[in-house]
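Visitor: Here is what each chain is made of, one letter per residue.
2 protein chains.
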Amino acid sequence: WADRQEVNGTATLRHCLKWMERLGWIGNFDRAASGVEAPSAGREFADSEIYKLLEALAWESARSGDEWVERTFQDVSARVVAAQQPDGYLNTRFGGPGQQPRYSDLEWGHELYCAGHLIQAAVARARTHGVDAFVAAALRLADHICDTFGPGGIERIDGHPEIEPALAELFRVTGNRRYLDQARLFVERRGTGTLNAGETGPEYFQDDVRVREADVLRGHAVRALYLASGAVDVAVEDGDHDLLSAVETQWRNTVAHRTYLTGGMGSRHEGESFGDDFELPSDRAYSETCAGVASIMLSHRLLLAEGGAQYADLIERTLFNVVATSPDASGTSFFYVNPLQRNSPGIEAMVDEPSPRAASSQRAPWFDVSCCPTNVARTVASLSGYIATKSTAGVQLQQYAACALDTVLPDGERVRLSVNTDYPWSGDIAVTVEADAGREWTLSLRVPSWARGRATLDTGMGDQPVLGATAEVSSRFRSGDVVRLSLPIEPRITLPDPRIDALRNSVAVEAGPLVLCAESVDLAPGTHLRSLSIPAGASPSREEGASRWPPCRPKIRTRHGPTVLPLPSHR
Amino acid sequence: WADRQEVNGTATLRHCLKWMERLGWIGNFDRAASGVEAPSAGREFADSEIYKLLEALAWESARSGDEWVERTFQDVSARVVAAQQPDGYLNTRFGGPGQQPRYSDLEWGHELYCAGHLIQAAVARARTHGVDAFVAAALRLADHICDTFGPGGIERIDGHPEIEPALAELFRVTGNRRYLDQARLFVERRGTGTLNAGETGPEYFQDDVRVREADVLRGHAVRALYLASGAVDVAVEDGDHDLLSAVETQWRNTVAHRTYLTGGMGSRHEGESFGDDFELPSDRAYSETCAGVASIMLSHRLLLAEGGAQYADLIERTLFNVVATSPDASGTSFFYVNPLQRNSPGIEAMVDEPSPRAASSQRAPWFDVSCCPTNVARTVASLSGYIATKSTAGVQLQQYAACALDTVLPDGERVRLSVNTDYPWSGDIAVTVEADAGREWTLSLRVPSWARGRATLDTGMGDQPVLGATAEVSSRFRSGDVVRLSLPIEPRITLPDPRIDALRNSVAVEAGPLVLCAESVDLAPGTHLRSLSIPAGASPSREEGASRWPPCRPKIRTRHGPTVLPLPSHR
Numbered sequence: 001w002a003d004r005q006e007v008n009g010t011a012t013l014r015h016c017l018k019w020m021e022r023l024g025w026i027g028n029f030d031r032a033a034s035g036v037e038a039p040s041a042g043r044e045f046a047d048s049e050i051y052k053l054l055e056a057l058a059w060e061s062a063r064s065g066d067e068w069v070e071r072t073f074q075d076v077s078a079r080v081v082a083a084q085q086p087d088g089y090l091n092t093r094f095g096g097p098g099q100q101p102r103y104s105d106l107e108w109g110h111e112l113y114c115a116g117h118l119i120q121a122a123v124a125r126a127r128t129h130g131v132d133a134f135v136a137a138a139l140r141l142a143d144h145i146c147d148t149f150g151p152g153g154i155e156r157i158d159g160h161p162e163i164e165p166a167l168a169e170l171f172r173v174t175g176n177r178r179y180l181d182q183a184r185l186f187v188e189r190r191g192t193g194t195l196n197a198g199e200t201g202p203e204y205f206q207d208d209v210r211v212r213e214a215d216v217l218r219g220h221a222v223r224a225l226y227l228a229s230g231a232v233d234v235a236v237e238d239g240d241h242d243l244l245s246a247v248e249t250q251w252r253n254t255v256a257h258r259t260y261l262t263g264g265m266g267s268r269h270e271g272e273s274f275g276d277d278f279e280l281p282s283d284r285a286y287s288e289t290c291a292g293v294a295s296i297m298l299s300h301r302l303l304l305a306e307g308g309a310q311y312a313d314l315i316e317r318t319l320f321n322v323v324a325t326s327p328d329a330s331g332t333s334f335f336y337v338n339p340l341q342r343n344s345p346g347i348e349a350m351v352d353e354p355s356p357r358a359a360s361s362q363r364a365p366w367f368d369v370s371c372c373p374t375n376v377a378r379t380v381a382s383l384s385g386y387i388a389t390k391s392t393a394g395v396q397l398q399q400y401a402a403c404a405l406d407t408v409l410p411d412g413e414r415v416r417l418s419v420n421t422d423y424p425w426s427g428d429i430a431v432t433v434e435a436d437a438g439r440e441w442t443l444s445l446r447v448p449s450w451a452r453g454r455a456t457l458d459t460g461m462g463d464q465p466v467l468g469a470t471a472e473v474s475s476r477f478r479s480g481d482v483v484r485l486s487l488p489i490e491p492r493i494t495l496p497d498p499r500i501d502a503l504r505n506s507v508a509v510e511a512g513p514l515v516l517c518a519e520s521v522d523l524a525p526g527t528h529l530r531s532l533s534i535p536a537g538a539s540p541s542r543e544e545g546a547s548r549w550p551p552c553r554p555k556i557r558t559r560h561g562p563t564v565l566p567l568p569s570h571r
Numbered sequence: 001w002a003d004r005q006e007v008n009g010t011a012t013l014r015h016c017l018k019w020m021e022r023l024g025w026i027g028n029f030d031r032a033a034s035g036v037e038a039p040s041a042g043r044e045f046a047d048s049e050i051y052k053l054l055e056a057l058a059w060e061s062a063r064s065g066d067e068w069v070e071r072t073f074q075d076v077s078a079r080v081v082a083a084q085q086p087d088g089y090l091n092t093r094f095g096g097p098g099q100q101p102r103y104s105d106l107e108w109g110h111e112l113y114c115a116g117h118l119i120q121a122a123v124a125r126a127r128t129h130g131v132d133a134f135v136a137a138a139l140r141l142a143d144h145i146c147d148t149f150g151p152g153g154i155e156r157i158d159g160h161p162e163i164e165p166a167l168a169e170l171f172r173v174t175g176n177r178r179y180l181d182q183a184r185l186f187v188e189r190r191g192t193g194t195l196n197a198g199e200t201g202p203e204y205f206q207d208d209v210r211v212r213e214a215d216v217l218r219g220h221a222v223r224a225l226y227l228a229s230g231a232v233d234v235a236v237e238d239g240d241h242d243l244l245s246a247v248e249t250q251w252r253n254t255v256a257h258r259t260y261l262t263g264g265m266g267s268r269h270e271g272e273s274f275g276d277d278f279e280l281p282s283d284r285a286y287s288e289t290c291a292g293v294a295s296i297m298l299s300h301r302l303l304l305a306e307g308g309a310q311y312a313d314l315i316e317r318t319l320f321n322v323v324a325t326s327p328d329a330s331g332t333s334f335f336y337v338n339p340l341q342r343n344s345p346g347i348e349a350m351v352d353e354p355s356p357r358a359a360s361s362q363r364a365p366w367f368d369v370s371c372c373p374t375n376v377a378r379t380v381a382s383l384s385g386y387i388a389t390k391s392t393a394g395v396q397l398q399q400y401a402a403c404a405l406d407t408v409l410p411d412g413e414r415v416r417l418s419v420n421t422d423y424p425w426s427g428d429i430a431v432t433v434e435a436d437a438g439r440e441w442t443l444s445l446r447v448p449s450w451a452r453g454r455a456t457l458d459t460g461m462g463d464q465p466v467l468g469a470t471a472e473v474s475s476r477f478r479s480g481d482v483v484r485l486s487l488p489i490e491p492r493i494t495l496p497d498p499r500i501d502a503l504r505n506s507v508a509v510e511a512g513p514l515v516l517c518a519e520s521v522d523l524a525p526g527t528h529l530r531s532l533s534i535p536a537g538a539s540p541s542r543e544e545g546a547s548r549w550p551p552c553r554p555k556i557r558t559r560h561g562p563t564v565l566p567l568p569s570h571r
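Taken in order, these protein sequences are the chains called A and B.
At position 445 of the first sequence (counting the first as 1) the number is 445 in this note's numbering, and the numbers step up by one without a gap.
At position 13 of the second sequence (counting the first as 1) the number is 13 in this note's numbering, and the numbers step up by one without a gap.
Hint data in this document are derived by calculation from the structure and do not stem from the laboratory.
Keep in mind that a hint or two might mislead.
One copy or two, it doesn't matter: identical chains are merged, so the pair holds either way.
[Unchecked claim] Calculated pairs, SDA-like style, for lysine to any residue (alpha carbon to alpha carbon, straight line, at most 25 Å):
1) Lys18 - Gly198
2) Lys18 - Leu523
3) Lys390 - Ala404
4) Lys18 - Arg357
5) Lys18 - Glu199
6) Lys390 - Ala309
7) Lys18 - Thr72
Generate the whole structure from the sequences, applying the supplied hints.
Guide: As structure tokens, this is what we get:
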């Protein structure tokens with residue numbers, strides 16, 4: 001992940017900035033600030049891309065301290081702030097000269113959606129830097145929204161959720177309950193039919209059933225996941241167990257019946273939406289990158305609220321197989337949709353023009369609807385936030401990556417750890433304690449579901465089998481103590497749920513958290529992927545290779561030829 | 001089919017009229033005639049539904065001579081004609097006070113598409129009745145279109161093909177070459193990028209490749225099939241063998257790789273479009289009813305142009321399994337999409353409001369986009385046109401239904417036949433000659449592909465096996481001569497192409513031209529359709545039942561229970 005963060009912090013951020021300057025999406029703010037009547041560039045949600053880039057810049061500035069990143073945050077955020085109206089309203093597409101009135105198209109206008117992303121960027125900035133002019137602008141915008149959409153105001157919602165988690169997060173940063181109350185209003189209003197659904201139907205917007213009454217995620221996947229994230233935030237802050245429990249049920253049913261092996265969500269191209277239960281075709285998987293990001297947001301919130309290794313498991317699966325697979329190695333070309341199988345080569349992306357988002361299944365530098373690149377950027381820049389959690393009892397390592405960790409437990413006990421691992425290429429994770437403990441505390445290490453029953457832990461007395469979903473070591477640790485977790489990452493065959501029609505008689509090959517991928521280029525010339533079949537009872541094995549990457553290439557015997565070498569799908 | 005035509009001529013036509021009056025779609029014409037500024041009812045292609053109803057009324061009036069049908073044709077067509085502008089233009093949505101200018105949105109405005117359906121209705125009227133005020137109005141509209149879109153005019157096309165076959169048909173009725181030339185211009189312009197494709201991409205409109213250069217149908221299925229129909233018309237009239245050959249190739253590749261067992265075309269909900277080769281999921285089959293109608297239009301034209309039992313085979317398959325399955329028994333509720341499998345019950349249609357076209361997979365009385373009911377109506381009313389073809393050599397029976405046939409061969413030889421059959425419930429077809437022949441001629445009977453090698457013919461000397469795709473009897477027939485064809489309609493198992501991922505390890509049960517359907521209501525309580533499996537080597541058999549319908553119910557042994565009884569999917 002460190003390499004990924006480096007590429008993200010340099011190449012991806014510059015790439016996004018370059019495209020949005022060139023297409024005039026940032027220029028929209030200059031035009032709005034000037035008050036001149038002129039057409040807006042890009043789609044109605046273009047503002048949000050700038051905000052997601054600002055969020056990525058905010059996280060990245062704190063992570064790397066890079067000067068260009070910090071300066072770019074300041075420059076771009078200043079242009080945004082300049083476009084704010086005196087009453088706090090801020091959107092380059094509505095309410096200006098020659099434009100549609102504010103809030104005249106809540107279904108499709110994305111005004112509150114854009115505002116939500118601005119607020120999320122401000123939350124990132126406040127957490128990493130403190131209040132500055134940009135954060136102050138976000139507060140004015142949030143106040144304006146509370147004034148406008150509070151009780152007695154416009155008692156409706158935005159077609160695209162996002163304002164809900166944003167306002168709840170802003171409450172966490174500021175302590176101002178008004179924002180939390182407004183977030184709750186938006187969550188509670190959804191499902192009461194305040195949107196004119198039109199041909200898409202109310203399910204598309206999750207306006208068909210109230211959040212606390214739904215038992216599965218449905219409709220547009222990103223919308224559904226952002227909304228559920230906001231509902232968890234509200235439920236946690238208010239101790240609303242019913243609401244939290246409803247979202248947990250939705251998560252559970254969605255993961256059990258409507259989620260790809262990769263963690264991908266939203267199987268339908270039509271409406272970018274969840275399909276019916278078990279409607280999970282590989283070739284037409286939509287599995288939008290942004291739905292992966294949103295799924296991680298939701299699972300992270302449920303993990304913090306409830307604990308439960310299943311949430312961290314899904315985060316891991318989705319990070320490796322949906323989010324990390326989106327950008328190419330250079331960080332400048334992205335998958336928008338993430339099919340699990342390609343029957344035709346697809347259309348080469350355009351280099352100089354935005355590409356259609358889903359017409360091809362190829363990576364593209366930029367899209368007409370370009371939500372994914374900036375969403376990947378803000379996620380990768382803030383990855384360190386997903387590594388570990390803490391409690392009075394101690395520290396829980398949730399994700400494995402080489403890193404240093406320095407934190408203070410609620411009672412003031414300081415914990416410093418370093419993690420050494422080549423995960424996921426190796427299943428060996430060594431955690432070294434870097435400071436003497438003042439008291440006994442518990443180091444908890446997640447054992448992913450695929451490793452359960454086969455993991456071992458070594459605390460200096462040899463490998464011991466680990467039972468359950470976490471390996472726990474309670475000790476008055478001394479600096480230099482090492483805890484080693486070994487996870488079995490040998491490639492394995494995974495069988496699908498027999499209720500998935502599209503996967504009848506199919507298998508997947510996985511290794512550790514990775515879902516592997518057979519690629520045409522690895523096959524004998526003239527061999528079609530479709531012709532691959534695996535003899536009953538065949539099992540994959542590792543081929544130790546000399547190449548730097550990947551250190552082990554799983555191989556498997558097929559009926560067709562001697563071996564194929566499935567590679568992780570993000571190469 | 002006679003029962004179907006009766007239901008269509010009474011219930012369906014009244015049903016369509018009632019809905020379109022109620023929703024104000026016919027009223028649009030009164031408003032346009034009055035010149036008053038007022039909003040249009042319905043979608044931008046609502047005019048076309050009135051035209052398709054007029055076409056159905058025209059065919060039905062000739063078929064049944066029903067007084068209400070004739071009077072309704074006259075009433076509704078008079079309201080249409082009253083809305084025509086002095087220069088021949090006729091559309092209730094554009095060019096009037098407060099409306100967008102004419103031809104300002106060729107991509108989505110559907111002006112020429114609507115005009116095409118008006119002209120098709122006029123062609124039906126001219127063929128069954130001769131020139132009247134409505135036909136005259138169509139000629140003025142066609143002249144206006146030629147003036148406006150001819151060389152030096154607007155050298156573009158409509159986003160939705162339909163004007164192409166309509167103008168070519170109008171040429172056939174009138175002999176005025178101008179209409180054929182204009183049809184050719186529209187066909188030749190497509191694929192040259194004159195449409196602003198936007199997010200759908202040019203393939204959606206078939207504007208990606210020129211018709212004569214394409215090798216498969218792609219994009220929006222109805223658009224693709226109407227366009228190909230028009231291209232055949234132009235090719236045939238002009239002797240353009242290259243163009244005809246290109247469409248034949250497209251038909252062949254599309255049927256081989258992109259067509260459901262039912263004849264359904266257009267697998268994707270997204271864009272109502274053809275998918276990639278072998279992308280044929282059962283549960284998410286779009287298989288729009290109108291694409292079935294359009295496929296029959298295309299196959300019928302290729303049959304007339306080239307002969308070839310494969311075209312009549314596909315017409316039969318599509319008529320029975322897509323078009324006939326759309327309306328319910330009462331003729332007042334319709335499938336818009338025709339999935340081959342349902343994993344969830346779907347949403348009950350609204351009785352008093354138009355339903356979303358594809359959100360549920362249930363029949364509905366009317367839709368927001370209600371192209372299918374009127375398309376079914378005009379097809380069923382004109383079914384007799386598909387029964388037989390003729391040539392100098394004699395008469396070719398292409399479809400089997402109880403009917404009387406009275407025609408004159410090109411040299412003046414009169415042929416009168418009666419066909420007696422209970423097809424498709426029985427495979428026995430008896431053709432009785434009703435008039436002495438003046439010369440030897442050939443009666444040709446199509447043997448459907450599923451019957452080939454197993455059909456027998458009896459010309460009075462006992463059953464003889466039939467080889468090939470047609471059974472031919474050449475004779476100087478005498479009145480009372482009977483020719484009997486026996487087709488084996490025993491239920492049979494059909495295996496899918498192994499390249500169709502969605503059908504891996506699945507089979508279909510067919511009987512004659514019918515694709516059968518296992519329905520939950522026929523299973524033991526609590527049995528889920530998904531759990532049905534058939535032992536290797538099991539074969540279906542007939543259960544002779546006492547009930548009037550269907551006379552034989554195929555049964556098959558499954559692993560789950562003793563038997564299930566698949567029924568034709570249009571019950």
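Visitor: With reference to the structure, classify each hint as holding or not holding.
Guide: So, going through the hints one by one against the coordinates:
1. Lys18 - Gly198: This pair counts as between: shortest inter-copy Cα distance 23 Å, intra-copy 37 Å.
2. Lys18 - Leu523: neither (38 Å within a copy, 61 Å between copies)
3. Lys390 - Ala404: within (15 Å within a copy, 85 Å between copies)
4. Lys18 - Arg357: within (19 Å within a copy, 42 Å between copies)
5. Lys18 - Glu199: between (36 Å within a copy, 22 Å between copies)
6. Lys390 - Ala309: within (14 Å within a copy, 74 Å between copies)
7. Lys18 - Thr72: within (12 Å within a copy, 63 Å between copies)
When held up to the earlier numbered hints, the structure conflicts with hint 2 and nothing else.
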